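Asker: These protein sequence lines are chains A, B and C, in that order. The first sequence maps to residues 1 to 350 in the numbering used here. The second sequence maps to residues 1 to 205 in the numbering used here. The third sequence maps to residues 1 to 374 in the numbering used here.
These aren't lab readings, by the way, just hints derived from the structure by calculation. Please read all numbers here as calculations on a predicted model, not as lab measurements. We put the beta carbon where it would ideally sit given N, CA and C, even for glycine. All the given hints hold, so there is nothing to weed out.
Here are the simulated PhoX-like pairs of lysine-lysine, each with C-alpha atoms no more than 20 angstroms apart in a straight line: (1) B/K119 <-> C/K304; (2) B/K92 <-> B/K173; (3) B/K92 <-> C/K304; (4) C/K304 <-> B/K117; (5) C/K286 <-> C/K181; (6) C/K304 <-> B/K173; (7) B/K92 <-> B/K117; (8) C/K217 <-> B/K75; (9) C/K58 <-> B/K92; (10) C/K329 <-> C/K304; (11) B/K173 <-> C/K329; (12) B/K22 <-> C/K304; (13) B/K92 <-> C/K329; (14) C/K217 <-> B/K81; (15) B/K117 <-> B/K81; (16) C/K301 <-> C/K329; (17) A/K78 <-> A/K68; (18) C/K205 <-> A/K326; (19) B/K75 <-> B/K38; (20) C/K58 <-> C/K301; (21) C/K235 <-> B/K81; (22) C/K36 <-> A/K150; (23) A/K150 <-> C/K46; (24) C/K298 <-> C/K329; (25) A/K78 <-> A/K150; (26) B/K75 <-> B/K117; (27) C/K206 <-> A/K326; (28) B/K173 <-> B/K119; (29) B/K117 <-> B/K38; (30) C/K286 <-> C/K240; (31) C/K235 <-> C/K217; (32) B/K173 <-> C/K58; (33) C/K58 <-> C/K329; (34) B/K119 <-> B/K92; (35) B/K22 <-> C/K298; (36) C/K301 <-> B/K22; (37) B/K29 <-> C/K304.
Computed list of chain C residues with no C-beta within reach of chain B, every gap over 12 angstroms: (38) M16; (39) I43; (40) D148.
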Amino acid sequence: MANPWIAFLVVPLVKIVVILVAVILLAAYLSFFERKILAYMQIRIGPNRVFPRGWLQPIADALKLFSKEDIVPTRAEKLVYLLSPVITTAPALVVFSVVPFASATTLFGLLKEPVTPYLTDINIGILFILGVSSVGVYGIILGGWSSNNKFSLMGGLRSAAQLVSYEVPMGFSVVAVLLMAGSLSLVKIVEAQKQAGVWFFLPGIVAFFIYFVCGVAETNRSPFDLPEAESELVAGFHTEYSGMKWAFYFLAEYANMVVISSVATVLFFGGWLRPFPNVAALAFLDVVPPFLWFAAKVGFFLFCYIWFRATFPRYRFDQLMALGWKVLLPVSLANVMAVGLGVLLMGGAR
Amino acid sequence: MGEQDKVAPQEQAAPKQPWEEKPVPPELKDAREHPLAKEIAAILPDAVLEAFELAGQVTVTVPRERIVEVGRACKDRLDYKFLVDLTAVDWKERPEGRFDVVYWMHRFTDSARLRLKIKVADGVEVPSVTGVWKVANWMEREVFDMFGIYFADHPNLERILTWEGFNGHPLRKDFPIQGIDTGAAVYPDVYPPGGGPVAGEGGES
Amino acid sequence: MTSPEVVRPFPDSEEMEVSFGPQHPATHGVLRVMVKLDGERIIDAKPIIGYLHRGTEKIFETETYNGTIPHTDRMDYTAAATNNQGLVGAVEKLMGVTVPPRAAYIRMLLAELQRLSSHIIWLGTHALDIGAQSPFFYTFQEREIILDLYEEYCGARLTLNCMRVGGQPFDLPEGWTGRCKAFVDQLPARIAEWERLLTNNRIWKKRTVDVGVISAKDAIEWGLTGPPLRGSGVKWDIRKVFPYDHYNEVEFEIPIGANGDTYDRYLVRVEEMRQSVRIVQQCLAKLPDGPVMAKVPKVIKPPKGEIYFSVEGPKGELGYYIVSDGGTKPYRMHVRPACFINLQALPEMVRGLLVADLIAVIGTLDIVLGEIDR
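So that you can see chain A by itself, here it is in the shape it has in the complex:
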């Protein structure tokens, strides 16, 4: 680009706006899809009143939440109480800056030069994601503590313990992928899968399952949703939150779901690649643009999240911790060693 202002300021700004708007809308509509899909799995209909057939429900919810009274409990620690939702939501959104949505594209020939439809590709992409998403735990603990409520405190502590425990096996399962790809950058991981001709899901199937289970635990979703279990702690760490602050917590939760799904897609399911990208016989699938492949895979994972919620009972807290430390951690460690051995035997990273 001739004009440096355009390359370094305008284009990223446009990308930031597009990504933020898309993610926030997606998180809001994810709540709607969750209600609808959960309802159909439970022989009922779900929201269907807001025109048309319920599709504007998230907009209605957002308007309602904006207009709610801002309640702060009298004995709550005010500054921390107000900041905690922000501390949880900001990292969830920042993570999207390195997730690659598609390969370089010219938007069907509209642009003179191809533009990369992701904000940036730093060479420590995965590390950045893992690190930044862990900052979100602070928001939960601080929110639970600052509410001056025994139930919230218990919920916050439980959630913190859960999130920290499940980070470790998640990290190890990611390491297995790194061994196969040879790089921390997300775009290079997708390209490594293209070179290998097969999604990393197949050689790394154990890693994939561990990653996904840890991902469900990281986002406080069923069956690991004890911190916000309605039937036990009323609502856990967000008991005392209402209105827009509560909406932020939920935005963060759904955004985290999208993050986990996107990262799982990139690491294990080939990102924007079609199935078997090097097999010529399936070349007719190339008519589907890469972004749609990415979206379909992320959508599938989000559907799995909702499916889990409809199906499984909840783990009790000590069983949850036992699962993380006694089962997932040893298995993920063993998996790293096995994958490393496999990579060595097959002659280096692909």
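Start from chain A and add chains B and C according to the hints.
Answerer: Structure of chains B and C alone, referenced to chain A:
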């Protein structure tokens, strides 16, 4: 629509079914010679003050002071391990004692049930049987709450169905059905204490 | 109550006393449990009841015998038919009334449908408390059909008032038996569906096996009846031991558990649902013709005396102790509430467990505050 009285077709030849006849109530019989009463009398002579039987259920009246002893004998030696029910009846102004405290016991070996009854005057303590049957704990609390009968040696004799600070014992016959003024009325101008908005009638306050 | 000391993990840490309820999504009504916690471990739990006390036993003394029947519906409001059955059975026993067989069979039908309905509510809410959100909707769908059947019969879905002293107020409407048969014939397949979601589910088993264990000896000591007693291995059912209403003419089994934990009580109740289906099918097949009301006087005046009669309700042994002085109103009518006595054993079952298990145990005892508080 329901039919209250459906009479069987008049058939002189066929005998009438029991539901087509007027019901014959069971008779109250003295049961001192009944095997269940005799078992107790065999272990604890002169514990059986009276014994009656109605519709196959035997009621044995025992002295108030000896109820724990009788209960323990019934549980340990006669195998009545299961206390099914413990309640009281208020017979206002009776010479032998205003209240009846009734213990309904069961044994699994031959599925026999026996009722023990003691007669208690107002203000007199009853020894608690929680040491014999643990289940009596809440049952005695309820009797205390509803009737005001005090159980000695009860581990935790507090009101159970009404709230702490309630004064009165609702199931006594002199407690009015409309309720009493407990000071707990939230809207005394709409629901005055002692009665609801409809004059004279109303539920408990 | 003397109790064994719980081994506390950190003996010098402070206890936290938390009040669960009375407003809480999972305590099944207005129950308050004061729990002493050490971290997540329960040191002691004390149920506080009485928030729903309506003075039912006092009201009984001011109503005629047939007039007390609607009041019994409101006690255990999830199982109104068995409440009614206990009351009218007790008055009939005191008066020496024999109920015509058709009425007795109709009573059995209503009672077993009620047992199904109550166990359906229990299964849905118990699963919901433990976190499985979908079985609630599947089970309540079937319950809607049961409630429709009740509505056709006596006009009410929940507080039925469907029995009278001496028999039944109405005969079965046209086609009711056909609809009932169609419903119960497809029910075992539904029950199998619900079981597929829960019975062999690892998470369900982890949450319910060895949770809330009570031994058979303790169960008898604490006076438990119904599925909590049967889950601990005691084969005891009023319908088999003191049969009433022609229960001795239908075949059914009494399921019992082995360990006395929550999982066993779950299996017992699910099997009871299947046995209820069996009873309903046999009753429909054997339903005799004839009148539905015995020849009782218009004004019910039992003779002087006292009587105790119990039925096997879905929650346990529901008994009525009636003292009559020969008048039209009972002198004293006491209810032996199954849930009240089952709840008394809660501290025993919960000591030493974690907070999440408290909710599971409250669910497994299947308490209805209406019956506890009367």
